[in-house]
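Participant: Now for the letters of each chain:
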Amino acid sequence: MAALDSDPEPLDFATLKAISGATDGNLGSHLVTLEKAGLISISKEIIGRRTRTWVALTASGRLAFREHVAFLEEIIQTSQKAQEIET
Amino acid sequence: MDKKKALEILNDVAIARRKTSELRNYRGMGSIISAWGVVWLLGFGAQSIFPAAAPYVWIVGWLGAFAWTFTRPPKPEDFRALATWVVAVLCICLVLVVTKATQPTAAMIFGLALSAAYAILGIWSGKRFWVLAALVLISACVGWWLVPQWLYLALALGGGVALILGGVSIRRP
Chain A
1 MAALDSDPEP LDFATLKAIS GATDGNLGSH LVTLEKAGLI SISKEIIGRR
51 TRTWVALTAS GRLAFREHVA FLEEIIQTSQ KAQEIET
Chain B
1001 MDKKKALEIL NDVAIARRKT SELRNYRGMG SIISAWGVVW LLGFGAQSIF
1051 PAAAPYVWIV GWLGAFAWTF TRPPKPEDFR ALATWVVAVL CICLVLVVTK
1101 ATQPTAAMIF GLALSAAYAI LGIWSGKRFW VLAALVLISA CVGWWLVPQW
1151 LYLALALGGG VALILGGVSI RRP
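For the protein sequence lines, the chains are A and B, in the order given. By the numbering used here, the letter at position 49 of the first sequence is numbered 49, and the numbering carries on one by one without gaps. Counting the second sequence from 1 gives a position; the numbering used here is that position plus 1000.
For reference, chain B alone in the conformation it holds in the complex:
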């Protein structure tokens, strides 16, 4: 066997390993994405239909989804993934407090932040996450610019349902 053939085979091995890693990420993330989709759907759904109950729905939903994210396999190897999430969320909350953001602005910013999170996940873990990023971004933009009076419903139905279905479909090889 010559060098050229050996390089070809090693290249095929590297491609197979990369594809396996991507599929493993999709498989591991599927149920987590769906869980966040349920929180998104219920939280923004409550904000749209039962605004008084919305804070409780969000608190229970966030705690539940955080617990689900960090206890499901593949479990993070250390506390840094959880710490990154906490820092990012606290940072967004501080920005909202400092800028005295209204509730619709806060909803839009969280929509954009989630979209950015999936886009970054797409760069590191597999291109399918870009589809989720686009779906969340589109639902946020449609709600903000086209139907501002229905922003919460757009985020609930667009973002929430997209994440639930996305989580199911992303698991497929």
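Same shape as in the complex, but just chain A:
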């Protein structure tokens, strides 16, 4: 999700695999789950005898991811403020 969010263009399966370090099967099952949730869209491109899989964040996926990152940052900020008050 982070990789897809940082690139405005769709990313191909091989690039996502290199970034995540996941196996084909593991990455594939994660992508299917995310697609079912409407967070990403998957398209196939046929190049000669090979098929290239492209993955892109949907608008709702991008929003959900950014909200999640904001939530994580908020946890850190809240924790830091609590520590400052204690000291």
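Mixed in with the good hints, there may be bad ones.
[Claimed, not checked] Using 27 Å as the maximum straight-line C-alpha spacing, the simulated BS3-like pairs for lysine-lysine come out as follows:
| # | chain 1 | residue 1 | chain 2 | residue 2 |
| --- | --- | --- | --- | --- |
| 1 | A | K17 | B | K1019 |
| 2 | A | K36 | A | K17 |
| 3 | B | K1005 | B | K1019 |
| 4 | B | K1004 | A | K81 |
| 5 | A | K81 | B | K1005 |
| 6 | B | K1127 | A | K17 |
| 7 | A | K81 | B | K1003 |
| 8 | B | K1019 | B | K1127 |
| 9 | A | K17 | B | K1005 |
| 10 | A | K44 | A | K17 |
| 11 | B | K1003 | B | K1019 |
| 12 | B | K1004 | B | K1019 |
| 13 | A | K44 | B | K1003 |
[To be verified] Using C-beta positions, here's what the derived DEER-type ranges look like:
| # | chain 1 | residue 1 | chain 2 | residue 2 | range |
| --- | --- | --- | --- | --- | --- |
| 14 | B | L1007 | A | T33 | 21 to 27 Å |
| 15 | A | E74 | B | V1095 | 52 to 58 Å |
| 16 | A | I85 | B | L1112 | 40 to 46 Å |
| 17 | B | A1088 | A | R49 | 43 to 49 Å |
| 18 | B | S1021 | A | N26 | 21 to 27 Å |
| 19 | A | V32 | B | I1123 | 35 to 41 Å |
| 20 | B | R1017 | A | E74 | 18 to 24 Å |
| 21 | A | T78 | B | L1063 | 17 to 23 Å |
| 22 | A | E86 | B | L1165 | 45 to 51 Å |
| 23 | B | V1147 | A | I46 | 44 to 50 Å |
| 24 | A | T78 | B | L1165 | 35 to 41 Å |
| 25 | B | A1081 | A | I46 | 34 to 40 Å |
Honestly, the hints are just simulated from the structure, not real lab data. Don't be surprised by glycine CBs; every beta carbon is placed ideally from N, CA and C.
Following the hints, put chain B in place on chain A, whose structure we already have.
Facilitator: Below, chain B alone, put in the same frame as chain A:
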């Protein structure tokens, strides 16, 4: 979720973003590196085999490669990247004129400058560019010190072929 876990996840997000950015740079630069490799191969190849035709090959090659570099995606956001290139090349040319450099010296200096350019690119855009910097540097040094009579051929085959193949392989994730 506690602060430690949140920091871990944000760190993973930052790593994924950095890797994506590096791979995007490699993907964008691949064809540009190969284009400069072709110019390097043809230019120094001509200097070695058909010296009279070499200036024309260089002029056409440089113009073509500049056009390719600055029109292919990812296009630079403004004129500063092109201006940086032009200033660097003009500066090197002026140094060569002022020092009255011979043709082999000029070839060596351009080899070293290209190697330095890839090394700097490696610092900013991804470590794979260091491999290209090393290949160009090695071909220039081998030509200069080990086979000076074949300097142009060493730069053509070593530097040019390395850049062409490097441009193809650097695109791979």
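Participant: Look at each hint and say if it fits the structure.
Facilitator: Do the hints match the structure? See the list:
no.: 1; hint: K17/A with K1019/B; in the structure: holds (11 Å)
no.: 2; hint: K36/A with K17/A; in the structure: holds (20 Å)
no.: 3; hint: K1005/B with K1019/B; in the structure: holds (21 Å)
no.: 4; hint: K1004/B with K81/A; in the structure: holds (15 Å)
no.: 5; hint: K81/A with K1005/B; in the structure: holds (17 Å)
no.: 6; hint: K1127/B with K17/A; in the structure: holds (19 Å)
no.: 7; hint: K81/A with K1003/B; in the structure: holds (12 Å)
no.: 8; hint: K1019/B with K1127/B; in the structure: holds (11 Å)
no.: 9; hint: K17/A with K1005/B; in the structure: holds (24 Å)
no.: 10; hint: K44/A with K17/A; in the structure: holds (16 Å)
no.: 11; hint: K1003/B with K1019/B; in the structure: holds (24 Å)
no.: 12; hint: K1004/B with K1019/B; in the structure: holds (23 Å)
no.: 13; hint: K44/A with K1003/B; in the structure: violated (39 Å)
no.: 14; hint: L1007/B with T33/A: 21 to 27 Å; in the structure: holds (25 Å)
no.: 15; hint: E74/A with V1095/B: 52 to 58 Å; in the structure: holds (55 Å)
no.: 16; hint: I85/A with L1112/B: 40 to 46 Å; in the structure: violated (58 Å)
no.: 17; hint: A1088/B with R49/A: 43 to 49 Å; in the structure: holds (44 Å)
no.: 18; hint: S1021/B with N26/A: 21 to 27 Å; in the structure: holds (23 Å)
no.: 19; hint: V32/A with I1123/B: 35 to 41 Å; in the structure: holds (39 Å)
no.: 20; hint: R1017/B with E74/A: 18 to 24 Å; in the structure: holds (19 Å)
no.: 21; hint: T78/A with L1063/B: 17 to 23 Å; in the structure: violated (58 Å)
no.: 22; hint: E86/A with L1165/B: 45 to 51 Å; in the structure: violated (59 Å)
no.: 23; hint: V1147/B with I46/A: 44 to 50 Å; in the structure: holds (48 Å)
no.: 24; hint: T78/A with L1165/B: 35 to 41 Å; in the structure: violated (52 Å)
no.: 25; hint: A1081/B with I46/A: 34 to 40 Å; in the structure: holds (35 Å)
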